[in-house]
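Engineer: Please put together the full structure from these sequences, using the hints given.
Now for the letters of each chain:
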Amino acid sequence: MAAGGSGMSTLALPQPVLASIEGAIEFIFTPQSSSVTGGKKVGGLEQVIELTVNQLEVTFLALALALFVALPIGLYLGHRGAGELLAIGLGNAGRAIPELALIAFMAAAIGVGLLNVTIALAVLGIPPILTNAFVGIRQVDRGAVDAARGMGMSEFEILRRVEMPLAVPTLMTGIRGATINILATATIAPLAGVLTLGDFIINRNVYGDDGVLAGAILVALLALVLEFALAGLQRLLTSKGLKLSPA
Amino acid sequence: MRTTSKRARGAISVLLALFLSIGVAACGSDDDDDQTTSGEGGGAIVSNPENGKVTLTVGSKNFTEQIVLGEVYAQALEAAGYKVDKRLNLGSETVARQAVKSDQISGYPEYVSTALTSFFEVEPEEVPADATEAYEEAKADFEKEDLTAFPPTPFASANAVGTLKKTAEERDLKTVSDLEGQSEEMTLYGSPECRQRIDCLAGLEELYGLKFKKFVPVDIGLRYTVLDNGQADLSILFTTDPQLSAQADKYVILEDDKEVFPAGNVIWVTTPEVVEEAGPDYEKTIVQVQEGLTLKVMQELGARVELEKEPAAKVAGEYLESAGYTG
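Chains as they are written, first to last, in my numbering: chain A, 1 to 247; chain B, 1001 to 1327.
No lab work stands behind these hints: they were computed from the structure. As the structure is a prediction and not an experimental result, all values here were calculated from the model. Keep in mind that the hints are not guaranteed to be accurate.
Stated by the list, open to error - Interface residues of chain A toward chain B, partial, derived using beta-carbon atoms under 10 Å:
#1 G38
#2 K40
#3 V42
#4 N92
#5 A96
#6 L100
#7 I103
#8 I110
#9 A184
#10 I188
#11 G208
#12 D209
Backbone N, C-alpha and C define an ideal beta-carbon position, used for all residues, glycine too.
Structural biologist: Structure (structure tokens):
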């Protein structure tokens, strides 16, 4: 910006890029004709909304499952100060599982569909939540924990009222990472029976380049929206004292 | 293999497909155990030292049949003396056509029906049933965008509505029209893009007037798995699928009596510039090597790669040898 006119011209996007972004935006708002559908139009706001709702649905289901599994384990192990190998090792190993292979593997056992996709995506969300819950609780000042114990708090109260509030920033970092991972990966769900925005991205023959780009833009926008929402939630959950302390 | 459960086999075949799409390592063929395909091709391919100056990049789309075809063409061109690079994992036909246009590949095998419906906006019911006629039409269309194509293979590949033999017998299904009155209680599985294609679900709905209980999009690698585990009553299969010959007592396809699924013989799509540069042996070799590619041969080659897990390069190499193209 400060560079002025000359800076702008070097930053300006080449014409074809601008044209394809224009095409993608048109695709989002107005149904377009497609060469393979026999005259039926594709895209447009109605389909975008339907697929966006599906994308968010499967994302939240998977996130909920991941939280349900990983959070209690992470918090418990963090509080006990035990099972570091499990929390960190398993967490890291979990990140290496390829989603598509997992979906294909589970297709034979439980079939394709919402359950399969939810489990596969939850597996993706568990590692960051588990690891960050463990580390977040572990790094809480032991002095504060000892003081709480001295005041006669039960172990659960210590976790609930001292450790968890102090671990909020680390915990939330894990949850935010998991959410974005899950949201982005939910684009492969149409390969396993759940129509998400990935439908636009996978089916280039049906939706054309405009559809592919539109899908990518929509997923990126959703990721930003969720990221901001979770950042807001994190601010609400973080205790005043923690916000004041120099990070 | 007989002890492996079918479910695991389904999952493994998907995994294998993933590996294959990452790239198949070239592999020498020292295996003389020849259980496929007697030679009915047109004699050995002659190597011309002149061709060593030309490097051809063979492309293909990213599923088994295409990868096998890519290997067959690549090794045949190599036998004719060309230097050959392979890019056998291009996504869709749109990507493959773009790769030819931008000279990233010299050519790739395309189904003539796909070319007509997907590139040139021909309605599926208007695709000529005769392979040569369809080829002439596609070639003329390709030439308008500075591409060209070589004559078609003997085999034709088409989508088909498939089901378990058991289901077909219970419901007395022989043709797609037999589904009338029954499809409302049946679940159909197909690739994600099938849902909106006129030569797939959209055609079954509009041209046959069928309504299904549910259509579920899945990865094409799962098209038999969903039948096996009972999720799908019907699944979109390909006529060249190896399972259809290897397990003919298990799966059947319903006859497309209204011709919604146009049959596609394969044509080699390339550019006039490459034809010019590579000389007469280019088209000669491609046409010669595909003479032996019948539906039966394609199903057998596919079976060895997909069901018996042999590398596509090895299967293609052995085919060329047994058919007398190389030796």
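Engineer: Now tell me if each hint is right for this structure.
Structural biologist: Hint by hint, here is what the structure shows:
{"no.": "1", "hint": "G38", "in the structure": "holds, 3 Å"}
{"no.": "2", "hint": "K40", "in the structure": "holds, 7 Å"}
{"no.": "3", "hint": "V42", "in the structure": "holds, 6 Å"}
{"no.": "4", "hint": "N92", "in the structure": "violated, 22 Å"}
{"no.": "5", "hint": "A96", "in the structure": "violated, 15 Å"}
{"no.": "6", "hint": "L100", "in the structure": "holds, 7 Å"}
{"no.": "7", "hint": "I103", "in the structure": "holds, 8 Å"}
{"no.": "8", "hint": "I110", "in the structure": "holds, 9 Å"}
{"no.": "9", "hint": "A184", "in the structure": "violated, 18 Å"}
{"no.": "10", "hint": "I188", "in the structure": "holds, 9 Å"}
{"no.": "11", "hint": "G208", "in the structure": "holds, 8 Å"}
{"no.": "12", "hint": "D209", "in the structure": "holds, 8 Å"}
Violated hints for the displayed structure, listed by number in ascending order: 4, 5, 9.
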